[in-house]
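Enquirer: Sequence:
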Amino acid sequence: MMVLIFYWFMNIKKEQKIKAQEWVVMFDGQIKKSEKQIDSDEHHLEVNNQKSD
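Numbering of the sequence shown is given in the numbering used here, commencing with residue 6 and proceeding in unit increments.
Hint data in this document are derived by calculation from the structure and do not stem from the laboratory. This one's a predicted model, so the numbers in the text were calculated from it and none came from an experiment. Glycine is no exception: its CB is placed at the ideal position from the N, C-alpha and C atoms. Take the hints with a grain of salt, since some may be wrong.
[What the hints assert, rightly or not] Below, a list of computed lysine-lysine pairs in the DSS-like style, where the Cα atoms sit at most 25 Å apart:
#1 Lys-38 with Lys-22
#2 Lys-38 with Lys-24
#3 Lys-22 with Lys-37
#4 Lys-41 with Lys-56
#5 Lys-22 with Lys-56
#6 Lys-56 with Lys-37
[Said to hold, decoys possible] Taking CB as the label site, the calculated pair distances span:
#7 Met-31 with Ser-57: 33 to 39 Å
#8 Trp-28 with His-48: 17 to 23 Å
#9 Asp-58 with Met-31: 30 to 36 Å
#10 Gly-34 with Asp-58: 35 to 41 Å
#11 Gln-35 with Ser-57: 35 to 41 Å
#12 Gln-26 with Asn-54: 22 to 28 Å
#13 Glu-51 with Val-30: 34 to 40 Å
#14 Asp-58 with Asp-33: 36 to 42 Å
Sequences are here, hints too, so could you generate the full structure?
Expert: Okay, structure coming up:
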């Protein structure tokens with residue numbers, strides 16, 4: 006049982022990424038797509054800092 010708890014705790018600390026996608030549809034029908042990976046911890050810190058301002 007102790008091994009499972011330790012393993013679970015280690016998984017919580019693993020770095021997590023957010024997959025962000027942006028789609029832009031132009032008036033002439035062209036579609037531009039971009040995608041990037043964002044560190045979830047950094048993103049949440051930025052959001053919380055914006056809320057407190």
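Enquirer: Taking the hints in turn, state whether each one holds.
Expert: Hints versus structure:
1. Lys-38 with Lys-22: 19 Å, holds
2. Lys-38 with Lys-24: 13 Å, holds
3. Lys-22 with Lys-37: Distance of about 23 Å is within 25 Å: holds.
4. Lys-41 with Lys-56: 24 Å, holds
5. Lys-22 with Lys-56: 22 Å, holds
6. Lys-56 with Lys-37: Between Lys-56 and Lys-37 the Cα gap is close to 31 Å, so the pair fails against 25 Å, i.e. violated.
7. Met-31 with Ser-57: 33 to 39 Å: Because 37 Å falls inside the window, the suggested range holds.
8. Trp-28 with His-48: 17 to 23 Å: 20 Å, holds
9. Asp-58 with Met-31: 30 to 36 Å: 34 Å, holds
10. Gly-34 with Asp-58: 35 to 41 Å: Holds, since Gly-34 and Asp-58 (Cβ atoms, about 39 Å apart) stay within the stated range.
11. Gln-35 with Ser-57: 35 to 41 Å: 40 Å, holds
12. Gln-26 with Asn-54: 22 to 28 Å: Given range 22 to 28 Å: holds, Cβ gap about 24 Å.
13. Glu-51 with Val-30: 34 to 40 Å: The hinted range 34 to 40 Å is violated for Glu-51 and Val-30, with Cβ atoms some 27 Å apart.
14. Asp-58 with Asp-33: 36 to 42 Å: 39 Å, holds
Of the numbered hints stated above, those contradicted by the structure are hints 6, 13, listed in ascending order.
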